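In order, the protein sequence lines correspond to chains A and B.
Residues 90 to 166 (the working numbering) make up the first sequence, in order.
Residues 61 to 220 (the working numbering) make up the second sequence, in order.
Calculated directly from the structure, the hints in this document are not laboratory data.
All values derive from a computational prediction rather than experimental measurement.
Mixed in with the good hints, there may be bad ones.
[What the hints assert, rightly or not] Not everything, but these chain A residues come out facing chain B in the computed CB check (under 10 Å):
hint : residue
1    : Gly102
2    : Leu103
3    : Gly156
Even glycine gets a Cβ: it sits at the ideal position worked out from N, Cα and C.
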Amino acid sequence: MSQSFDQELDCKGLSCPMPILKTKKAIDKMESGQVLKMFATDPGAIPDMEAWTAKTGHEMLSHEKDGDVFTFCVKKK
Amino acid sequence: MTANRVAIIAGHGSMDEAYPPLILGTAAVAMDMETAIFFTFYGLEILKKGMADKLQVSPIANPAMPQPVPGISVPNIVGMLPGMTAVATGMMNGWMKKANTAKLSELLDMAVEFDVRLIACQMSMDVMGIKLEDLIDGVEVAGAAAFLEFASKDAIVLNF
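One chain only, chain A, in its complex shape:
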């Protein structure tokens, strides 16, 4: 079953630190408990998103890899 989400964010093609900056910008505008689905192609986005959620307290619900595209689902704290 795929994760349900409230908003999508396309960070494909962007390199560090842009996926994190855009994710932060998007999540700031969302409500607590809502889920952001973010797409990235930067392999560095995996450890960065894990670190970002660990530090900010937002919850990483899932992260998947489909070809070159990484998909992250983050629940706003």
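Chain A is already provided as a structure; the job is to place chain B on it using the hints.
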């Protein structure tokens, strides 16, 4: 102890040296850490209006710079020839574009938007004849004590 502040010193004005303070500064603030960057001496170039994307990279005394043709080593002395800084800068800009790296101006805009404290060193401005109106909006002018007071509250300090 977990640090929730990052205090960064940006003291250089070449393109390659402007990236680390701006990347780490914007990433820090995106991680909900209170962030300040102290721009001193040549670091002030980064804050000059319209300058961020015009910063250059020098091939002189920069042996780590990738060679234009892989495997063929260009003697460092070639870097002394007129126009070589522009050539090296153009080459580096090409690589950055290919890697889809954000422009320095984009990172600077993000820093302003996320309320990173951008502190221009008053003394360096006086030495180098830089006025507040030469710098982008959102910059504050202060001295060493202002930066250190911020850093003294359990900040991670990064010096570039």
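Next on the checklist: A closest beta-carbon separation below 10 Å is what the hint needs, so does Leu103 of chain A meet it against chain B?
Outcome noted: 6 Å, holds
Item to check | Supplied contact hint for Gly102 of chain A, tested at 10 Å Cβ to chain B | outcome: 5 Å, holds
Checklist entry - Given Gly156 of chain A was flagged as interface, is its beta-carbon under 10 Å from a beta-carbon of chain B? => result 18 Å, violated
Comparing the model with each numbered hint stated earlier shows that hint 3 is the single one that does not hold.
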